[in-house]
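Number of protein chains: 4
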Amino acid sequence: MPEPPRSTAPLIRDFRAVRARSEALCAHLGDEDLVAQSMPDASPAKWHLAHTTWFFETFVLAAFAKDHRPFHPTFGYLFNSYYNAAGERHARPLRGVLTRPTRAEVIAYRAAIDEGVAELLASDALSGDARSRAESIVRLGLHHEQQHQELTLTDLKHLFSLNALDPGYREPLPIDTGDAPDFGWLAFDAGVREIGAGGPTPLANETLWHDETAFAFDNEGPRHRVFVEAHALGDRLVTNAEYLAFIEAGGYETASLWLDRGWATVQRGGWQHPFYWREADAGFREFTLAGLRDFAPHEPVSHLSLYEADAFARWAGARLPSEAEWEAAASELGTCGALADDDRFHPAVCGPQAPTEPRTLRQAFGDVWEWTSSAYGPYPGFRAAEGALGEYNGKFMSEQSVLRGASCVTARNHVRPSYRNFFYAPDRWQLSGVRLAKDL
Amino acid sequence: MPEPPRSTAPLIRDFRAVRARSEALCAHLGDEDLVAQSMPDASPAKWHLAHTTWFFETFVLAAFAKDHRPFHPTFGYLFNSYYNAAGERHARPLRGVLTRPTRAEVIAYRAAIDEGVAELLASDALSGDARSRAESIVRLGLHHEQQHQELTLTDLKHLFSLNALDPGYREPLPIDTGDAPDFGWLAFDAGVREIGAGGPTPLANETLWHDETAFAFDNEGPRHRVFVEAHALGDRLVTNAEYLAFIEAGGYETASLWLDRGWATVQRGGWQHPFYWREADAGFREFTLAGLRDFAPHEPVSHLSLYEADAFARWAGARLPSEAEWEAAASELGTCGALADDDRFHPAVCGPQAPTEPRTLRQAFGDVWEWTSSAYGPYPGFRAAEGALGEYNGKFMSEQSVLRGASCVTARNHVRPSYRNFFYAPDRWQLSGVRLAKDL
Amino acid sequence: MPEPPRSTAPLIRDFRAVRARSEALCAHLGDEDLVAQSMPDASPAKWHLAHTTWFFETFVLAAFAKDHRPFHPTFGYLFNSYYNAAGERHARPLRGVLTRPTRAEVIAYRAAIDEGVAELLASDALSGDARSRAESIVRLGLHHEQQHQELTLTDLKHLFSLNALDPGYREPLPIDTGDAPDFGWLAFDAGVREIGAGGPTPLANETLWHDETAFAFDNEGPRHRVFVEAHALGDRLVTNAEYLAFIEAGGYETASLWLDRGWATVQRGGWQHPFYWREADAGFREFTLAGLRDFAPHEPVSHLSLYEADAFARWAGARLPSEAEWEAAASELGTCGALADDDRFHPAVCGPQAPTEPRTLRQAFGDVWEWTSSAYGPYPGFRAAEGALGEYNGKFMSEQSVLRGASCVTARNHVRPSYRNFFYAPDRWQLSGVRLAKDL
Amino acid sequence: MPEPPRSTAPLIRDFRAVRARSEALCAHLGDEDLVAQSMPDASPAKWHLAHTTWFFETFVLAAFAKDHRPFHPTFGYLFNSYYNAAGERHARPLRGVLTRPTRAEVIAYRAAIDEGVAELLASDALSGDARSRAESIVRLGLHHEQQHQELTLTDLKHLFSLNALDPGYREPLPIDTGDAPDFGWLAFDAGVREIGAGGPTPLANETLWHDETAFAFDNEGPRHRVFVEAHALGDRLVTNAEYLAFIEAGGYETASLWLDRGWATVQRGGWQHPFYWREADAGFREFTLAGLRDFAPHEPVSHLSLYEADAFARWAGARLPSEAEWEAAASELGTCGALADDDRFHPAVCGPQAPTEPRTLRQAFGDVWEWTSSAYGPYPGFRAAEGALGEYNGKFMSEQSVLRGASCVTARNHVRPSYRNFFYAPDRWQLSGVRLAKDL
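Residue numbers (numbering that gives the first Met the number 0), protein chains in the order written: chain A, 0 to 439; chain B, 0 to 439; chain C, 0 to 439; chain D, 0 to 439.
No lab work stands behind these hints: they were computed from the structure.
Quick caveat, the model's predicted, so the values are computed rather than measured.
One thing to keep in mind: the hints can contain errors.
As the list claims (entries may be wrong) - Under 7 Å between C-beta atoms, here's a sample of chain C residues computed to sit facing chain B: (1) S37; (2) M38; (3) T73; (4) G75; (5) N79; (6) G95; (7) V96; (8) T98; (9) R99; (10) L150; (11) L158; (12) L161.
Backbone N, C-alpha and C define an ideal beta-carbon position, used for all residues, glycine too.
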């Protein structure tokens with residue numbers, strides 16, 4: 000392999016690292032664990048491994064590598080997720096039937112595409128504008144793969160949660176007996192803020208990629224102005240103990256606390272507590288990636304639907320933050336919680352605040368995603384990418400809500416203040432929690 | 000009946016007028032037309048007549064009239080729509096089974112409650128704060144009833160549309176052969192705008208109530224600031240002919256034009272055209288409140304889902320306006336289209352613009368509701384009313400989209416720039432159309 | 000009108016009588032009561048009135064009357080029930096939207112078709128084979144109409160049952176305090192029996208039509224032999240009190256008593272008692288065509304699904320009879336219970352047996368239909384009629400169960416031992432009850 | 000291990016053989032193939048392996064082995080299929096989530112239970128009535144396991160059919176170019192027949208078990224008399240070519256050929272051909288356990304619903320046989336087709352009939368199951384077993400139809416004339432075909 004252009008070496012290092020991480024996350028699991036699909040919203044881990052590879056094959060090799068021949072004539076059909084412009088595809092709710100190709104075949108597929116991409120990047124066949132476009136799609140592919148790493152973990156959690164053997168993805172995790180710090184409000188004045196990709200980031204040192212290139216998805220831009228009225232934000236996440244108080248106060252039985260569709264969902268589903276809590280002899284236990292655990296009062300509450308987050312906030316005399324409020328504050332004051340790089344894979348108790356510490360928005364990046372009051376839509380001036388990649392984000396801009404921050408299963412260098420995660424209001428299988436807000 | 004307090008006379012006149020209008024809208028229909036329910040989203044006309052009466056009985060008479068005895072012990076159960084705080088209720092999808100009480104009994108119910116309310120308002124039993132609260136609920140009840148007048152008409156349209164006899168609600172309406180004016184863009188600078196109830200209104204003279212009191216629902220406030228980037232708005236609504244061009248260009252077969260859920264809905268439902276268009280030997284015909292009619296190219300297109308409005312805009316290289324963009328422009332430049340008081344009950348061709356006319360946002364108030372890109376949510380500082388009336392608007396603030404303006408079945412004095420209508424993205428039985436917007 | 004052929008006069012009298020009866024059953028109800036549809040399985044009374052008329056228009060006038068012109072060009076579409084060979088049709092679950100044609104128009108439709116049919120029958124235009132075929136279809140049409148009379152009553156019962164006003168179709172009916180006679184078993188030897196239309200009938204004197212022609216649907220023949228092992232049948236129907244004992248013994252909570260699909264249905268539907276029983280302060284009340292009534296312990300239990308009938312029988316150490324067992328016994332020993340001609344419209348307490356009375360199968364014809372263990376299928380040698388009328392019975396011969404006897408809403412001259420009624424196992428809105436059987 | 004009682008040795012040999020066969024059927028497949036569930040009706044192969052083991056553990060070891068301790072505390076919950084009396088259980092549609100226990104753990108589970116059962120049978124701890132009951136349940140367990148062997152194959156076929164890689168369960172199978180023999184009718188006189196377990200069997204020599212004990216499920220008895228009218232049966236199965244003629248004659252577009260629910264199912268599902276046929280450039284191909292294959296005109300048609308079998312018969316001027324007609328004929332004249340012991344796993348072309356051969360009901364036992372016109376119900380005098388094993392057959396006796404014979408994936412010594420298989424009318428994933436019958 001020839002020496003890659005100097006500037007490309009860091010990208011190749013990142014590429015190798017992200018690709019290796021996906022496989023490392025599955026390495027200790029059996030073939031059977033990787034093939035199963037627990038619900039239409041979730042995908043088998045093997046499928047994630049193959050789909051992320053298809054992404055590089057389709058959008059990089061097929062587009063830029065001369066004489067690229069498909070690794071397998073059927074893989075394009077099997078591993079396209081939702082790109083209409085990339086052709087017909089295997090039905091999403093049936094991903095669990097794909098016992099073939101086997102895990103070993105998928106790993107071989109990964110290896111072949113990895114070599115192809117690395118070779119392409121290192122070669123001088125690619126230059127000028129084509130190189131620039133190819134590198135940018137590789138970078139997109141890495142962030143895409145990090146999203147699937149996160150989904151791999153949440154989907155395995157869901158899968159294991161349905162098995163009466165209560166399997167743990169990782170070894171047991173002791174309950175942290177330390178208290179969360181007292182809850183406080185951070186006040187913010189009214190005024191125009193700038194949000195969206197392209198602003199300053201307090202996380203720069205921690206999260207920069209090897210290639211030192213700032214990356215953002217198309218849905219994070221353009222940077223634009225928003226007027227924000229005076230408000231306050233909670234300085235840490237809501238804890239399990241605080242959420243338990245809501246339950247004990249009859250939260251799930253009080254219609255007036257709920258959005259109309261939330262109340263209907265609670266009634267129809269018989270919801271009585273967060274998704275992975277289980278009623279035990281005395282109180283609750285919680286199913287986690289570390290298996291079934293005792294109740295951890297001071298950890299952030301997680302696996303809430305938007306409905307539950309909203310009802311809790313209303314009960315607490317507060318509301319959810321808007322994404323503008325959140326981003327403006329987090330860009331300036333946000334600090335980190337647990338992230339996937341910690342290999343904890345579960346939210347952690349918020350660390351204590353030293354008396355001399357400046358005001359901070361604790362746990363803004365990590366532990367759990369934070370539901371906002373903002374519907375997921377295009378920013379002013381938003382333009383989706385051309386071609387199939389334009390389907391990446393834009394077409395989902397209806398009927399979903401934005402979550403901000405990051406969770407304990409998000410990769411550290413996937414985190415940035417402008418990041419917009421989005422799910423449907425009833426969704427509960429992601430690590431989704433609550434930060435309170437209120438009008439001033 | 001004693002002389003009412005001077006200030007109350009106009010309110011009583013409004014009360015009488017709105018209540019009479021509801022009955023007038025049904026007067027020429029048979030008993031059978033009033034009892035049927037065509038789908039869970041729609042209600043029988045008789046049910047609308049009874050429910051609006053229940054509203055006054057429950058929130059005015061039962062709350063303020065000493066010794067009020069329920070008109071009928073079961074009507075509270077039958078005619079509560081969705082107020083959890085007001086008790087159990089008849090299932091919404093089964094409103095069509097209520098052949099009893101009969102129309103005559105419902106009309107008698109209306110008369111009795113009307114007398115009770117008028118007497119209460121006219122009496123001196125009510126004073127001070129209680130009078131003020133009671134009058135404010137009566138005013139709310141009148142706006143509530145106007146909403147149900149609009150629903151009565153859209154629900155009857157849906158009902159009649161399912162009958163192969165193609166019954167008309169009103170007599171036939173000739174096709175207007177006049178052209179719509181050329182489409183133009185109105186440009187707006189970036190900057191902070193104020194929106195929400197409480198601002199100036201260009202419609203004041205036309206729409207004031209007898210009691211000259213400005214009214215707004217709780218969801219229209221508080222007035223607050225919004226930053227709007229530079230943009231342009233279409234100076235009139237999109238027409239049937241323009242929408243037909245989208246169809247003929249393969250709009251319904253082109254996945255890349257659609258939101259993801261929109262495309263799924265189009266596929267599943269086999270959608271090929273707006274809701275009430277019907278394929279005919281040559282082109283299309285349209286079912287209307289005036290029965291089945293020939294295609295009217297210059298009338299505004301109506302009965303679109305949000306998905307269709309959004310796909311059309313994308314195809315046209317444009318987008319939907321946000322509600323802030325719309326309200327800021329309409330407050331200043333909006334003019335009226337057809338409204339319910341015209342007894343046309345169908346959108347009209349946009350009138351020509353005189354050369355000397357200042358720039359106007361034509362058809363802003365009337366003809367069809369205009370889908371916006373804004374999700375329906377609370378304004379900063381929003382507080383729902385106390386008690387059951389707090390369920391009126393607030394609990395629906397999730398997963399719906401805002402429509403602005405008014406339609407040809409909206410009452411003239413129900414119209415105001417801050418008005419927020421809201422429906423789900425797939426809904427098509429309302430008179431919903433498109434005004435284009437674009438970033439500058 | 001010319002003098003009809005002598006032999007036709009009785010048929011015309013029957014025709015007039017049956018047609019008049021359909022209208023008489025609705026005469027005391029309001030227009031609104033006739034238009035509503037309470038569920039897809041049920042139809043509006045007005046639709047029954049129109050559909051039975053469409054039957055005569057389509058299969059008699061259009062087929063035999065020279066120069067017949069359709070009464071209305073759209074009625075064929077609106078009032079065809081399920082005859083694929085007779086063309087496209089209005090969707091069954093949407094019959095409740097047909098507010099037009101009005102009741103008055105449907106009555107006029109009936110009058111016009113009635114005159115046409117009577118004239119045709121009386122004329123000499125019809126002769127030989129054509130007359131014979133036409134008369135036979137008229138006779139079929141009368142039995143078809145009697146089925147719809149029964150459905151009119153069960154469908155109105157269902158409609159009224161969903162209305163919290165508890166409307167009665169007829170005036171209140173006092174509770175009969177008399178005891179049902181003691182339950183006894185009638186034993187039958189093994190052997191070959193003949194069943195099917197064409198056998199002797201003990202009911203002949205009571206049920207003969209004016210034209211003295213024995214009628215049977217195609218599904219009742221041909222007469223054929225069946226081998227029956229030794230068995231016994233209960234000599235009367237199971238009562239409400241007996242069924243209550245099953246409930247109180249935990250019948251609805253005991254999986255082992257139920258068919259697999261029955262248990263799933265009970266669990267999913269939360270079934271705890273027969274369809275129209277309602278839990279009251281002390282015990283149960285029952286909704287009937289005479290409105291809401293106190294519990295009547297000695298009346299036959301009714302409105303059971305096959306699942307409930309089967310579970311009760313298992314709990315009682317018995318089983319359901321086969322249709323062959325039932326028909327062989329009823330042809331010889333059957334006596335009548337309440338029928339529609341009694342205008343009671345509710346099952347009656349079984350009359351006492353005089354000491355000298357021969358052994359009888361009490362209540363075999365009337366009170367409630369009796370679920371059998373027999374699936375509804377073709378008899379050996381069965382041939383469906385040619386053309387559209389062949390769809391009358393044959394195409395429903397799968398996945399349904401046969402009920403035998405008659406109910407309190409069946410017309411007396413619609414009753415015969417070979418009659419095969421059929422419904423799906425979960426159906427409960429018909430007057431369906433239980434007679435026990437056991438192997439010997 | 001002590002010497003088993005002499006009479007038990009053959010049972011132990013059978014036990015070993017059947018248990019080994021289940022594992023042999025999966026031996027060449029990967030772990031991933033065994034874990035997936037393709038639809039709620041089908042189960043993962045690993046689940047079949049575990050469930051059949053749970054059967055022996057629960058009904059033999061736990062019931063008869065002193066001091067038996069459950070192999071694993073959770074396996075009872077995971078591997079109970081539908082026995083309410085045996086406790087709560089894992090949800091059927093979610094069997095595919097059971098990635099744990101692993102295949103290796105399930106194989107270990109099998110080995111442990113196998114040793115336990117063999118030891119118990121060989122021991123003298125068991126004697127008299129207890130031994131007799133235990134041995135009889137072991138025998139039941141072997142037949143139960145053979146049913147699951149058949150399901151393992153049909154479920155794997157369904158699983159593989161959904162994978163665009165078209166995996167074959169076995170190596171490719173050449174198309175047999177030989178013709179099927181000409182179709183002929185075998186006539187039978189009217190008269191009383193005896194059917195049900197306990198009669199003579201022409202298959203005795205071929206199918207006897209080592210222990211030479213005739214076995215039958217409870218639903219096959221008691222033996223009883225049935226009257227059969229004169230009729231004829233087709234002397235071989237219907238072929239693919241014959242079914243193709245039905246398709247080409249517009250069978251799937253002709254409402255009058257179909258049962259009402261069949262027609263609705265065809266319309267809703269867009270059915271155009273048998274379940275595993277696939278439209279190809281010229282005509283059809285077929286997915287099989289040997290992968291995707293060319294059209295084989297002379298093989299028996301398979302994977303038909305009851306609706307398709309019935310519609311084909313009607314189109315052919317015939318009908319389906321009743322189970323009594325079938326059993327009476329097959330007991331006397333039936334011959335074998337392909338069975339699972341042939342390791343072909345696909346229906347074979349019917350062999351030619353030598354001129355001197357007596358009249359035979361060819362392919363009665365093997366190739367495909369034959370839909371009958373008989374609903375699945377209890378025979379006169381039927382008594383379900385006591386306790387949980389009573390749920391084995393009896394509770395499914397509603398709304399299903401009987402299939403007779405056997406298929407190419409049925410074990411040879413599982414076959415007998417009285418065998419009653421049963422599925423729902425729309426089911427198509429079993430190897431189900433058609434034999435014609437007609438009235439004489």
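Results of checking the hints against the structure:
1. With 7 Å as the threshold, the beta carbon of S37/C comes within range of chain B, its nearest partner Cβ sitting at about 5 Å, so the hint holds.
2. About 9 Å separates the beta-carbon of M38/C from the nearest beta-carbon of chain B, more than 7 Å, and the hint is not met.
3. About 5 Å separates the beta-carbon of T73/C from the nearest beta-carbon of chain B, less than 7 Å, and the hint is met.
4. For the restraint placing G75/C at the interface with chain B, the shortest Cβ-Cβ distance is roughly 10 Å, beyond the 7 Å limit, so the hint is violated.
5. At a threshold of 7 Å, the smallest CB-CB gap from N79/C to chain B is about 11 Å, leaving the interface hint violated.
6. The beta carbon of G95/C comes within 6 Å of a beta carbon in chain B, closer than 7 Å, and the hint placing it at the interface holds.
7. A distance limit of 7 Å between C-beta atoms decides the matter here; for V96/C the minimum to chain B is near 5 Å, and the interface restraint holds.
8. Here the hint on T98/C is kept, as its CB sits about 4 Å from the closest CB of chain B, short of 7 Å.
9. A distance limit of 7 Å between C-beta atoms decides the matter here; for R99/C the minimum to chain B is near 5 Å, and the interface restraint holds.
10. For L150/C, the interface hint is violated, since its Cβ never comes within 7 Å of a Cβ in chain B; the closest pair sits about 17 Å apart.
11. This hint holds: L158/C has a C-beta 6 Å from the nearest C-beta of chain B, less than the 7 Å allowed.
12. At a threshold of 7 Å, the smallest CB-CB gap from L161/C to chain B is about 5 Å, leaving the interface hint in force.
The earlier numbered hints that this structure contradicts are 2, 4, 5 and 10.
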